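So the protein sequences, as listed, match chains P and L.
Each residue of the first sequence is one higher than the last, beginning at 51 in the numbering used here.
Each residue of the second sequence is one higher than the last, beginning at 4 in the numbering used here.
Check before you lean on any hint, since a few could be wrong.
To be verified - Heads up, simulated EDC-like pairs for lysine to aspartate or glutamate below, C-alpha to C-alpha not over 20 Å straight-line: (1) P:Lys-103 with L:Glu-30; (2) L:Lys-44 with P:Asp-75; (3) L:Lys-44 with P:Glu-85; (4) L:Lys-44 with P:Glu-105; (5) P:Lys-103 with P:Glu-64; (6) P:Lys-103 with L:Asp-28.
No lab work stands behind these hints, which were simulated from the structure alone.
All values derive from a computational prediction rather than experimental measurement.
Spelled out, the chains give:
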Amino acid sequence: MTVATTDGTTIIGESILISGSLAGDEDLTVRGRVEGTLTLTRTLVVEPTGQVKAEVQVKNCIIAGVVVGNVTASESVEITREGRMVGDIAAPRVIIVDGASFRGRIDMGEVDVGAERPRAQAARPAVPARAASRPALAPRAAPAVRSPEPRKSEEARPAPAPVPAAIAARPSVPPAPVAMGAVKRKVIVKPRK
Amino acid sequence: MAGIEKASAPRAGAHTVIGSSIVIDGEISGDEDLVIQGTVKGRISLKESLFVEASGVIEADIETANVEVSGQVTGNIGASDKDELKADCKVVGDIRAPRILIADGAVFKGNVDMDVKEAKGK
Numbered sequence: 051m052t053v054a055t056t057d058g059t060t061i062i063g064e065s066i067l068i069s070g071s072l073a074g075d076e077d078l079t080v081r082g083r084v085e086g087t088l089t090l091t092r093t094l095v096v097e098p099t100g101q102v103k104a105e106v107q108v109k110n111c112i113i114a115g116v117v118v119g120n121v122t123a124s125e126s127v128e129i130t131r132e133g134r135m136v137g138d139i140a141a142p143r144v145i146i147v148d149g150a151s152f153r154g155r156i157d158m159g160e161v162d163v164g165a166e167r168p169r170a171q172a173a174r175p176a177v178p179a180r181a182a183s184r185p186a187l188a189p190r191a192a193p194a195v196r197s198p199e200p201r202k203s204e205e206a207r208p209a210p211a212p213v214p215a216a217i218a219a220r221p222s223v224p225p226a227p228v229a230m231g232a233v234k235r236k237v238i239v240k241p242r243k
Numbered sequence: 004m005a006g007i008e009k010a011s012a013p014r015a016g017a018h019t020v021i022g023s024s025i026v027i028d029g030e031i032s033g034d035e036d037l038v039i040q041g042t043v044k045g046r047i048s049l050k051e052s053l054f055v056e057a058s059g060v061i062e063a064d065i066e067t068a069n070v071e072v073s074g075q076v077t078g079n080i081g082a083s084d085k086d087e088l089k090a091d092c093k094v095v096g097d098i099r100a101p102r103i104l105i106a107d108g109a110v111f112k113g114n115v116d117m118d119v120k121e122a123k124g125k
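Taking the hints into account, I'd like the entire structure generated from these sequences.
Written as structure tokens, this is what we have:
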């Protein structure tokens with residue numbers, strides 16, 4: 051009898067109900083029902099006939115059936131087309147396939163999220179800002195030299211006067227702090243000349 | 004055994020197996036065969052056969068149709084059909100079943116009740 055059964059994999063058959071805690075170090079396939087807590091160091095597969103109403107802690111989780119409860123996976127959680135889940139997922143990799151239904155929160159880990167969001171947020175505004183400021187400098191600087199000459203004189207009096215050569219560029223700079231780098235370059239370039 | 008394996012093979016799809024590293028604390032119920040290679044504490048109630056294999060450890064009350072024990076069982080066993088204690092098994096608890104088989108080498112401590120009604124009928 052033992053030979054006929056599969057080794058290394060636990061199967062919960064369709065008509066089986068387990069209520070309580072279930073723990074183990076091997077793959078588990080659920081075709082029946084499991085209620086309570088489920089802790090594995092390997093993969094949990096909930097097949098289309100399977101229903102899991104439990105706090106789940108596993109390495110990998112593949113959901114093709116019904117899962118109600120929170121799932122924490124050290125590697126991945128996948129909800130397949132037939133899968134339905136209500137609860138929170140915490141896993142570094144979460145795959146939700148088209149057709150799957152899910153309600154709950156997903157936490158893929160703070161580190162990853164923290165790294166990705168600033169990049170995305172910073173990159174989007176930064177790119178147009180830089181793009182705008184760089185070309186803007188030249189046009190701003192050009193009109194600045196002509197019209198805001200009184201500003202130059204006002205600012206120049208309290209401000210240090212030893213850089214008269216940069217006057218044309220400097221007064222136009224303050225409104226756009228991003229331009230400081232560009233201005234410095236200009237200033238540096240001029241002394242070299 | 005070959006015949007039995009063939010018979011169980013079609014069931015294998017629906018067969019429930021509790022693997023050797025699995026620990027269940029609670030209740031298991033169902034309408035199909037159950038093979039236990041791991042540890043179960045609590046209660047087991049089935050309408051079919053329960054197989055406790057050599058690596059299986061049960062600390063639970065059992066209610067099934069058939070029980071076949073090759074591992075360890077601590078708890079009361081109630082079988083509506085047959086209870087078989089195989090060689091090298093260890094069972095502590097009471098057994099209630101119309102047919103009880105205890106193989107040479109099996110270790111058992113507890114009461115045996117083979118259904119009084121049958122005795123009265125005879």
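**OP:** For the pair we were handed, Lys-44 (chain L) and Glu-105 (chain P), check the Cα-Cα distance against 20 Å.
**Re:** Holds, because 19 Å separates the two Cα atoms, which is no more than 20 Å.
**OP:** Verify the proposed pairing of Lys-103 (chain P) with Glu-30 (chain L), using a straight-line Cα cut of 20 Å.
**Re:** 14 Å, holds
Original post:
Hey, Lys-44 (chain L) versus Glu-85 (chain P), does the alpha-carbon distance stay inside 20 Å?
Top reply: Holds: Lys-44 (chain L) and Glu-85 (chain P) sit about 15 Å apart, inside 20 Å.
Subject >> Straight-line alpha-carbon gap Lys-103 (chain P) to Asp-28 (chain L), limit 20 Å >> reply: Roughly 15 Å between the alpha carbons, so the hint for Lys-103 (chain P) and Asp-28 (chain L) holds.
Subject >> Straight-line alpha-carbon gap Lys-103 (chain P) to Glu-64 (chain P), limit 20 Å >> reply: Roughly 15 Å between the alpha carbons, so the hint for Lys-103 (chain P) and Glu-64 (chain P) holds.
**OP:** Verify the proposed pairing of Lys-44 (chain L) with Asp-75 (chain P), using a straight-line Cα cut of 20 Å.
**Re:** Status holds; Cα separation ~17 Å.
Hint check: no violations occur; every hint is consistent with the structure.
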